[in-house]
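Listed below, chain by chain, are the residues.
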Amino acid sequence: MRRVAVAGAGMTAFGEHFGLGIKDLLPMALSEMAATVDKGLDRDDIQAAWFGELTTSDGFPSGILADSCGLLDIPVTRVENACATGNDAVRNATYAVGSGAVDVALVIGADKVRESSSRGTFWEWAALTRDMAWDYPLGLVAPANFALHVARYLHESPATREHLAMVAVKNHRHALSNPKAQLRFEITVEQALAAPMVVAPFGLYDCTPQSDGAAALLLVAEDVVDRYTDRPVWVRGVGLGLDRVMHQHKADMTTFPPTVKAARAAYAMAGLGPDDIDVAEVHDCFTGVELISYEDLGFAERFGAYKLIENGVTSVGGAKPVNPSGGLKAKGHPPGATGVAQCVELFEQLRGESHNQVDGARNALAHNIGGPTAVSAITVLSADRG
Amino acid sequence: MRQLSAVGTYLPPWGTERARSLGRDEDAVTMSVAAGRAALGGPGAPVRRVVLVSRDLPLLEGGNGAALLAGLGLGGDVAVVEQIGGAPAALDAVATAERGTLVVAADEAPAGAAAVLVGEAGPAITAVSQVLRSMPVRARGRDGLVRDYADPRLERERGAGVAIDQLELPARPVAVAGLPARQAAALTEDRPPVLPTSGASSSLFALASLRGPGLVLAVEQGSATAVSVDGIPPTVRRDERGPQPEEARAVTPGPEIGISLAAYERAFEPKLRWEAACCTECGTLAFPPRYRCLGCGAEGRWTTASLPRTGEVYTAVTVHVPVPGLATPYSLAIVELDQVGVRALVPVTGAPAGTAAIGDRGRLVFRRMAVRTGIPDYGYALLPDSVAAGEETADDARGSSR
Numbered sequence: 001m002r003r004v005a006v007a008g009a010g011m012t013a014f015g016e017h018f019g020l021g022i023k024d025l026l027p028m029a030l031s032e033m034a035a036t037v038d039k040g041l042d043r044d045d046i047q048a049a050w051f052g053e054l055t056t057s058d059g060f061p062s063g064i065l066a067d068s069c070g071l072l073d074i075p076v077t078r079v080e081n082a083c084a085t086g087n088d089a090v091r092n093a094t095y096a097v098g099s100g101a102v103d104v105a106l107v108i109g110a111d112k113v114r115e116s117s118s119r120g121t122f123w124e125w126a127a128l129t130r131d132m133a134w135d136y137p138l139g140l141v142a143p144a145n146f147a148l149h150v151a152r153y154l155h156e157s158p159a160t161r162e163h164l165a166m167v168a169v170k171n172h173r174h175a176l177s178n179p180k181a182q183l184r185f186e187i188t189v190e191q192a193l194a195a196p197m198v199v200a201p202f203g204l205y206d207c208t209p210q211s212d213g214a215a216a217l218l219l220v221a222e223d224v225v226d227r228y229t230d231r232p233v234w235v236r237g238v239g240l241g242l243d244r245v246m247h248q249h250k251a252d253m254t255t256f257p258p259t260v261k262a263a264r265a266a267y268a269m270a271g272l273g274p275d276d277i278d279v280a281e282v283h284d285c286f287t288g289v290e291l292i293s294y295e296d297l298g299f300a301e302r303f304g305a306y307k308l309i310e311n312g313v314t315s316v317g318g319a320k321p322v323n324p325s326g327g328l329k330a331k332g333h334p335p336g337a338t339g340v341a342q343c344v345e346l347f348e349q350l351r352g353e354s355h356n357q358v359d360g361a362r363n364a365l366a367h368n369i370g371g372p373t374a375v376s377a378i379t380v381l382s383a384d385r386g
Numbered sequence: 387m388r389q390l391s392a393v394g395t396y397l398p399p400w401g402t403e404r405a406r407s408l409g410r411d412e413d414a415v416t417m418s419v420a421a422g423r424a425a426l427g428g429p430g431a432p433v434r435r436v437v438l439v440s441r442d443l444p445l446l447e448g449g450n451g452a453a454l455l456a457g458l459g460l461g462g463d464v465a466v467v468e469q470i471g472g473a474p475a476a477l478d479a480v481a482t483a484e485r486g487t488l489v490v491a492a493d494e495a496p497a498g499a500a501a502v503l504v505g506e507a508g509p510a511i512t513a514v515s516q517v518l519r520s521m522p523v524r525a526r527g528r529d530g531l532v533r534d535y536a537d538p539r540l541e542r543e544r545g546a547g548v549a550i551d552q553l554e555l556p557a558r559p560v561a562v563a564g565l566p567a568r569q570a571a572a573l574t575e576d577r578p579p580v581l582p583t584s585g586a587s588s589s590l591f592a593l594a595s596l597r598g599p600g601l602v603l604a605v606e607q608g609s610a611t612a613v614s615v616d617g618i619p620p621t622v623r624r625d626e627r628g629p630q631p632e633e634a635r636a637v638t639p640g641p642e643i644g645i646s647l648a649a650y651e652r653a654f655e656p657k658l659r660w661e662a663a664c665c666t667e668c669g670t671l672a673f674p675p676r677y678r679c680l681g682c683g684a685e686g687r688w689t690t691a692s693l694p695r696t697g698e699v700y701t702a703v704t705v706h707v708p709v710p711g712l713a714t715p716y717s718l719a720i721v722e723l724d725q726v727g728v729r730a731l732v733p734v735t736g737a738p739a740g741t742a743a744i745g746d747r748g749r750l751v752f753r754r755m756a757v758r759t760g761i762p763d764y765g766y767a768l769l770p771d772s773v774a775a776g777e778e779t780a781d782d783a784r785g786s787s788r
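So the sequences go chain by chain: A and B. According to my numbering, the stretch in the first sequence is residues 1 to 386, in order. According to my numbering, the stretch in the second sequence is residues 387 to 788, in order.
Everything labelled a hint here was simulated from the structure, so no lab data went into it. There could be a bad hint or two in this list.
[Unchecked claim] Looking from chain A toward chain B, a few residues come up when the C-beta cut is under 7 Å (computed):
id, residue
1, Ala144
2, Arg152
3, Met197
4, His247
Predicted model only: the values in this text are computed from it and were never measured. Virtual Cβ for every residue (Gly too), placed ideally from N, Cα, C.
Please model the complete structure; the sequences and the hints are all you need to start from.
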């Protein structure tokens, strides 16, 4: 397989974009991306596009992308893989470029969560990930779905709600300098612990906000990368893992097997391991999910994640910075865009131009988990060609 | 001769000593299942017919019978009569039932249900007299609205009073259903049992409370029925606990919760009968049932197996955030069922939200999961043992230690 490079990466701000529809956000993200291509992008060079979108707000996704971005003469494929949609879109485009089928591919992810009534959103989104007869009527809302795991995790590991709060504090702090982040304010552990309960053990500050936004990457083959940039970021590994869908069939709820499987695949493809990763964007839709993921990704030993957050290891400035962008927690979480936006942050990190730069970052990892906790997609990026 | 073989009763855990309140996950069918299961005491009871008497039938069209049979663990070939009626109708249903009939009666306010198995052992029950008159001081039509005429003296004197006179009872009753305690006491020799309900189920609660032979009287507005019972039922099982004050919960308006009737129909039997698929190749249990075996991958080769109704909480959460269309807070738990290696995701019932913790034990009980576009969606919920501690199983009629 040919080596694949990221030659451009950009995104809209994440937030409640009541004034912008999906047809606005998509061309905006594409333009943000094009502006980062050092030697310029002729849009006619784009030979195919992969569009990650979890829910549709204005109809047929592939057509909306082609139409709103003026890409009517190339094939467009919509990717939907729950909250792993973004990094799975990256994975699909990587294989297309790597295989030689196309030289230049667009990856774009977007979602409009704040598009339906707040009363309707809960049930509409729940229907995406629940068994209609057995689970849907129980009111297993998204935070509850992850809280079932984290409640058990807190029971078995030494971690406490204070450690969840520390994750929130860290990611809020990281978002302060991010002009694209939705929640740019600092909080304290005390505030997090005292916040209204959403789904125990998650308080308000343990939860991602509801967000709209879009993000885009330009993937190019190593054969043509010189036309676009002299400082590419390399897609070194991609991986996708699955698990049984219903919670009642997951034997050990203190770990996410999809992450373990996706990480194994991505690390193997990259020829890198967890110790080689200098900076990571980890799926922190709820704070406890970030802790469990430290272990699943190999950053911490089993039930040892609390030590990383306690000791500042995963803060920027620590040995293994996680979510320098602010993460889903503070940057925001429009699901289809989330994984792509993680790669936007890491593109900037690996080129040394992030708002919250990790010194000397060479290797990076982006991670999604979702569906409800049955799919994970991981992308390993590097400043080194490998 | 009709004999009272067994009686079962159920009261929701919520409310006060005087009046129990219907839980949010309960209706006349779930309470009838609880009372009926208490009466039957276990599988294998020779029931050929079920008569459900209530004025609070959940569905007037669409049917309650299949859910009732599934919850009771009775076969789909058992006849079900859904009868609208109050205390006299329920008593009359028992006094005229054939052997092998389970008569169940349920009321929503005050809430409770009771069931009588008419069989071949126990005291004989004989109809004495009845009178049917019209005194609709409370009226409820097809619109479901209750119109209350609000004249208690008229109801007492020209309703119950005249009806009881016309019965021409041969003796004073020993128990009276359907009347306030003071009015009941005025009719009996000794202090009559205080009954927890006043509708259809009250006459079956009266049978459960008998302390000896005698007349049992049931009254509703201008109508009355009297029966004679020549002893006390040999078995009275009570599924009663509490009461505890109702939880303060907030209901957020929201859209109707959607339903797929295709999915509903596929899930109905295992979901309401608490049954797993059992692989005929390797014996692995799958819950919910599924085409491909979780263990060996065999496809389409399975039978059904009853699941245990006890287990331990593996993990639990409590939802506090307002959820449109639901009352919050509520708790959900994944329960590891005893000895079968099967887990179930269920709501927690009968306990304040947030009180069920990992490691707690409880039993799985038939409850209403939701009402989806007007359709009751039944399944099972976890009733934690810490709450169930007050449960009574009394094998004689004096066990009525309510």
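Now for the hints, and whether the structure bears them out:
For Ala144 (chain A), the interface hint holds, since its Cβ comes within 7 Å of a Cβ in chain B; the closest pair sits about 5 Å apart. Evaluation of the Arg152 (chain A) hint against chain B yields a held restraint, the C-beta minimum of about 4 Å falling below 7 Å. Below 7 Å, beta-carbon pairs count as interface contacts, and Met197 (chain A) has one with chain B at about 4 Å; its hint therefore holds. Interface restraint check: His247 (chain A) against chain B, minimum CB-CB distance 6 Å, threshold 7 Å, status holds.
The earlier numbered hints are all upheld by this structure, with none contradicted.
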